[in-house]
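**Q** Taking the hints as your guide, dock the two standalone chains into a single complex.
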Amino acid sequence: MKKSILITMALTAGMLASAHAFDVYQQVEALDNPVVDASGAFITPGNFTIRVGTFNFSANFTLNNAAIQANASNLAVLNGNFTDVFSFDGTEGDSASLGVNADFTAPGNFYAYLLTTNTTWQANATWNSTSARPMYAWIQRDSNFSEMGIFAATSLNFAGATDEITDATANLQIQESNNALQVVVGIDRTATANNDFQLVPEPSSALLILGGLAAVGLRRRRA
Amino acid sequence: MKLQRLNTISLLAAMGALCAIAHSASAQLPVSRPVGTVPVPIIGGGKFSGIGFCFTREPIGRVTVVNQTLSSGNTTINLAETLTGGSLARATNPTSVVLVTGDNRGRAFRVQSNSTTSVTVIGDTTSLVAADAKLELIPEWTFATLFGTGTNPSGLSSNSTAGNADIVYISDGTGLVKYFHNNTQWRRETGSPASANNTSLGGLNGGVFVLKRSAGNLTFGFSGAVRSGRQIVDIVGPALSIVSYTEPKGTTLGNSSLVPGLTSNSTAANADIVYLPYSNAVSDEGSLIQYFHNATNWRRVSGSPTNQNPLPIRPAGALMINKKAGSYLYSIREHFEP
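In order, the protein sequences belong to chains A and B. Residue numbering for the first sequence follows the numbering used here, starting at 8 and increasing by one per position. Residue numbering for the second sequence follows the numbering used here, starting at 24 and increasing by one per position.
Next comes chain B alone, as it looks inside the complex (with noise of 0.2 Å):
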């Protein structure tokens, strides 16, 4: 029931976001493209669980680059097809871009916004988006589109005040954000946005941590367009943020290649962390657990020092981290890689 729900707004925001491209031959996608459904975990009593962006909305349509400007802070993208102009507003529709060519593709740029020929990024795009470049627009996952704005959204609990409700936690960058459905709407707890239904969910690439306050456990059906090619996770740092493991399999902690673009070191407060709401005991699922890498293996900050290697990152696994300096482009084990 909730998934025909979500695949009916799912195809919704496709119809609308799919009219952004006026009229475009390369706009075009397959006809028929993989989707997939995973049943992720939703531990209640007070516990935490991730979901991971395994699968995005459904694409808007290709896009060529073109007259690319290479210059120092360029951050706009001119594209050979006509945009509705303003149709990409962060605020209302936000939207990535995605390099499907070139050596960079698997990278990911939050659309700002758009113009009738281009569309303004976050971040440097210089070395990065070359002339003749195929560019994917893809719509992000906000609250609406994942949850739904409904009382009680995804069997998540809603309440006007924010400590009786279930908490849902993004990154915006520099740190954790904490949301909350308040009967009416999502909203941030503190701060602006009141109004946070069409609040992107930390790009493609993000994340939540969804705390459950209320009582019983949740399976939510998470589905989508399967990924496709390979992905590249932007790791930002100094910051505590959620990024998503895009592989639909998962994978272990041993097999991630976080290291070396992690930072290890047999000192936790030298190494960066990585949360997971699980461990190896059944006792602490929905626990959030810190390990980081001691320069030989993946081990628990606290508690048994054991090797952590075949911990896994389940499917659709979100992944929380603590990356003390610098940033890293996270380069995710496609699935043909053992």
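Only chain A is shown next, with the shape it has when bound in the complex (with noise of 0.2 Å):
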């Protein structure tokens, strides 16, 4: 998947080379504060996918954060209504060349970017539709693909490549003081000591174990 993104941008890239090109990033990270997993320990590379895109529920944001955590339980239906852009796991490594970059700098916190051209960003159907959209950043467990986090941010969508001055950066920064940002799915836990942002269980399974809380708070009282 990786490989055929480079290769349509190199192609791209040759066909557009006598344009004025300039680079475009595209940036998900954590850093200042962990993602944890359901169980809360640290997310680890090679263990979590986190894809980065956008969801189609409506052109509202607040609309479709709302559908997205409607269908929270449905996988099918999210990925649906999900356009991808680019994913990592963490084992990429950073060379700052085009194509993604990844890092995970300490347990819990890493970065990522998608390094573009403005030439290769605007051919490609598939990215230029998602531009004036907003960035979300989906993180799934690669064993359970239920167990996740999406975050997203008010009024930052990706990076448009219409101007390389006000349009060639877009960063959703997953972290306490990013004040835009929304845990669409996931939990903020801001007692906790890491200050960390926690993945959830399938809802499913989730709403399996209120309900039997909820049964056993009512046997209790029945008894």
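By construction, these hints were calculated from the structure, which means they are not laboratory data. Since the structure is predicted, the reported quantities are computational estimates derived from the model, not experimental observations. Where a beta carbon is used, it is the ideal one built from N, C-alpha and C, also for glycine. Among the clues, some could well be false.
Said to hold, decoys possible - One side of the interface only, derived from the structure: several residues of chain B facing chain A at Cβ under 10 Å:
| id | residue |
| --- | --- |
| 1 | 66 |
| 2 | 68 |
| 3 | 274 |
| 4 | 292 |
| 5 | 298 |
| 6 | 310 |
Said to hold, decoys possible - In silico contact screen, one side only, chain A against chain B (beta carbon under 7 Å); selected entries:
| id | residue |
| --- | --- |
| 7 | 27 |
| 8 | 30 |
| 9 | 46 |
| 10 | 101 |
| 11 | 120 |
| 12 | 176 |
| 13 | 178 |
| 14 | 185 |
**A** What follows is the structure in structure tokens.
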């Protein structure tokens, strides 16, 4: 998948070599606060995939997020309404070259960016369609896709690559100081020592657990 | 060759400007003033380069403030010397006055117009210009005086179509404006002025970013009068602007003292952004790279988030700054400061 992206980029760059090209960065990072899995352990490279793209339920950011939450237990629906731009698992490394660069800098901390040129970005119909659309980071455990977290930020769209000065960089920073951050699916655990962001188990499982606890409560009350 | 032409232009302009002060003892300047030259690389092939004004044009002279009215909103500075009325009109001879005495020495005000006994400046001077303060009158860099006016000025490509010409970005206080040389003269890409040879390049502490679309690199020989004493750069906000690092030797981001005047924040969206046309990677030469101070150190907005404190602000460097709120009077570190 990554190889095909690189080939496409190389071909496009060749076709548009005479145009004025500039670098475009689409970035996601969690550097100040770690991300932990549903059990509270730091996510690690090679075990989780972080998909960066956009959800297409609604053009309205709030309604889009509401639809994601409403369908959080239905992976098929979520996948059907998601446009992938790039993904990484932290093993890519950062060579600052065209394509995906990513690195886990500390337990639970990572950054990744897709480096393209404006001409490459605009020539890619899928990518270009996400311009001016909200950037989402969808983190999933490789062995259980239902364990996940979804993050976005108010007013943060993919860079459209239309202007080198104003539209060449987008960075979704998953951290407490980002007041625009939206934890669409997951838990912002401000009370923990790490002030971390936690993935949640499969919502259906969570509902079962809640249901089970409720049943226990009822039985106790009846007893 | 180019340097000789620039010096000639500057000399002629200075001679003309000197006539602005009709008679004045304090208009005398030292017979010998330090001048300097810095070679500034201009990268070609659709790349950006910055030119910061570490030199000025030849100053016109010094004047003394008298009978200053310290009232709110005052923009008029009364002078002991007699000027030629209208000689400092912004449209034809853009000039600034710089305070060289007092607590606010180093601040520059852009002259809007003048009478025989006063200058009217842009900006409120109420608490800044005291009676008996000394001011220096300095012509601002214009397209004509910095680059020249002939075809392909200073090696930049002229073209009647903006999309085919090299572009010079300057700031107008609210945002960036693009200019190009259309084979005949400098002009604004859109809007007025269509004739911009005498347009100021953002004042004494402004600067330019050049987008050289044409292939091939240039070395721009930037020469002028060496600035002396404290320099205070007005970074306006909220706005995207271009300012100069006025100390010729440059500095580093870490030593720049840009913070706390610029807002630090660990989230780039909440911090002020500094654009430089390079990074510590050779492959980024000529690319606009964004930096912000994350309350601990300088880092890139995107790409590897490593500590960028050692990154140089190069000699004759220009800074493109997105100041998101408020304004900042940025006091440049003088050459004797570490």
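**Q** Each hint should be assessed against the structure and marked as holding or not.
**A** Verification of the hints:
no.	hint	result
1	66	violated, 12 Å
2	68	holds, 8 Å
3	274	violated, 23 Å
4	292	holds, 6 Å
5	298	holds, 7 Å
6	310	holds, 5 Å
7	27	holds, 4 Å
8	30	holds, 5 Å
9	46	violated, 27 Å
10	101	holds, 6 Å
11	120	holds, 6 Å
12	176	holds, 5 Å
13	178	holds, 5 Å
14	185	holds, 4 Å
In the structure shown, a violation is registered for the earlier hints numbered 1, 3 and 9, in ascending order.
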